[in-house]
Amino acid sequence: MKTELALQKRSELPIPRRKLWVTVKQQKYLFLMMLPAIVWALIFAYTPMVGLYMSFVNYQPTLGGFWHTLFHSEFVGFKWFQYFFNNGDFLIVMRNTLASTLITLLFSFPMPILIAIAINEIRSVRFKKTVQTASYLPYFISWVIAANIIVTLLSSDGAINGILKFLHITRESVLFLQHGSYFWWIVAIGNTWKDMGYNSIMYLAAISSINQELYEAAKVDGASRFKQIRYITLPHLKPTIVILLILALGGILNAGFDQHFLLGNDLTRDYSDVLSTYSFRYGIQNGMFSYASAVGMFSSIVAFIIVIIVNGIAKRLNGQSLF
Numbered sequence: 001m002k003t004e005l006a007l008q009k010r011s012e013l014p015i016p017r018r019k020l021w022v023t024v025k026q027q028k029y030l031f032l033m034m035l036p037a038i039v040w041a042l043i044f045a046y047t048p049m050v051g052l053y054m055s056f057v058n059y060q061p062t063l064g065g066f067w068h069t070l071f072h073s074e075f076v077g078f079k080w081f082q083y084f085f086n087n088g089d090f091l092i093v094m095r096n097t098l099a100s101t102l103i104t105l106l107f108s109f110p111m112p113i114l115i116a117i118a119i120n121e122i123r124s125v126r127f128k129k130t131v132q133t134a135s136y137l138p139y140f141i142s143w144v145i146a147a148n149i150i151v152t153l154l155s156s157d158g159a160i161n162g163i164l165k166f167l168h169i170t171r172e173s174v175l176f177l178q179h180g181s182y183f184w185w186i187v188a189i190g191n192t193w194k195d196m197g198y199n200s201i202m203y204l205a206a207i208s209s210i211n212q213e214l215y216e217a218a219k220v221d222g223a224s225r226f227k228q229i230r231y232i233t234l235p236h237l238k239p240t241i242v243i244l245l246i247l248a249l250g251g252i253l254n255a256g257f258d259q260h261f262l263l264g265n266d267l268t269r270d271y272s273d274v275l276s277t278y279s280f281r282y283g284i285q286n287g288m289f290s291y292a293s294a295v296g297m298f299s300s301i302v303a304f305i306i307v308i309i310v311n312g313i314a315k316r317l318n319g320q321s322l323f
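Counting with full-length UniProt numbering, you get residues 1 to 323 for the letters of the sequence shown.
It should be emphasised that the hints constitute simulated quantities derived from the structure, not laboratory data.
These numbers come from a predicted model, not from an experiment.
Where is the CB? At the ideal position from N, CA and C, for every residue including glycine.
Incorrect hints may appear among the rest.
What the hints assert, rightly or not - Computed Cβ-Cβ distance ranges for the label pairs, DEER-style:
#1 144 to 48: 22 to 30 Å
#2 52 to 211: 43 to 51 Å
#3 304 to 40: 18 to 26 Å
Turn these sequences into a full structure, and let the hints guide you.
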């Protein structure tokens, strides 16, 4: 009798809901394994988003506790956003952020693809592993150390100036880090050097999934290695390239805090001050927490909109998209 009632109740459930319940029941251990990741995301990714309310209030820390102070602060609406847009710093900070990220994207996006293809073409397994390991190492160096390396190389008596003098390109040392016009290019090259090896892993994984019989057939037809790359490797990398390009364009307002903060100085502030360093200076150093929160929220909203737009364009043009 109980079994019949249970079957009757189950049959009364809507079809999609019934399918969902069956799927959960069949894959309960997979859902159980996924539970820690869900809890982690809720605690560290979604719960802090409540703090975005700070962008709409005049928050000043007191001894009453963070949440109590936040929700009892004076509500000011879009005051901080208007202040940011009308501030004379807005155009300078946006120019620096966009210029730095676009120049970095110009260097850093194609380099991992080229490195992955080059590593794939190496026939010696031992040499290939050595090259891979050497290309990954800079990624695991903190920006504090990487910035010191860059500063040392670009100093007046550093290796770069030594090479320029040896080749008679310059007679005197070039003070690279004291001229703002060099700053965007220095950051772009530094970002590329640091991340290109690690970012090539995804392309290497995509290349390894290509059916090797395609290369064998191409060899039989007399295709050179360059033509194999052009007509086999690159077309199979296209979905990966499109998805990573969408993600890269989504972070176009995230120029990177560490490199700009560590490599920038008062002489290059007109070129090194980006959204992340700007919000840090006003939020932490000047105590304008609500203003810094508004700047960060603006950056996140713009990044989200760009991802949606670029994803739609990629889906319409190539049929490849992130979602």
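Hints and how they fare:
1. The hinted window of 22 to 30 Å between residue 144 and residue 48 holds, with their beta carbons roughly 25 Å apart.
2. Our hint of 43 to 51 Å for residue 52 and residue 211 holds, since their Cβ atoms are close to 47 Å apart.
3. Separation of residue 304 from residue 40 is about 22 Å and conforms to the stated range, judged on CB atoms against 18 to 26 Å.
The structure fails none of the hints (numbered hints given earlier).
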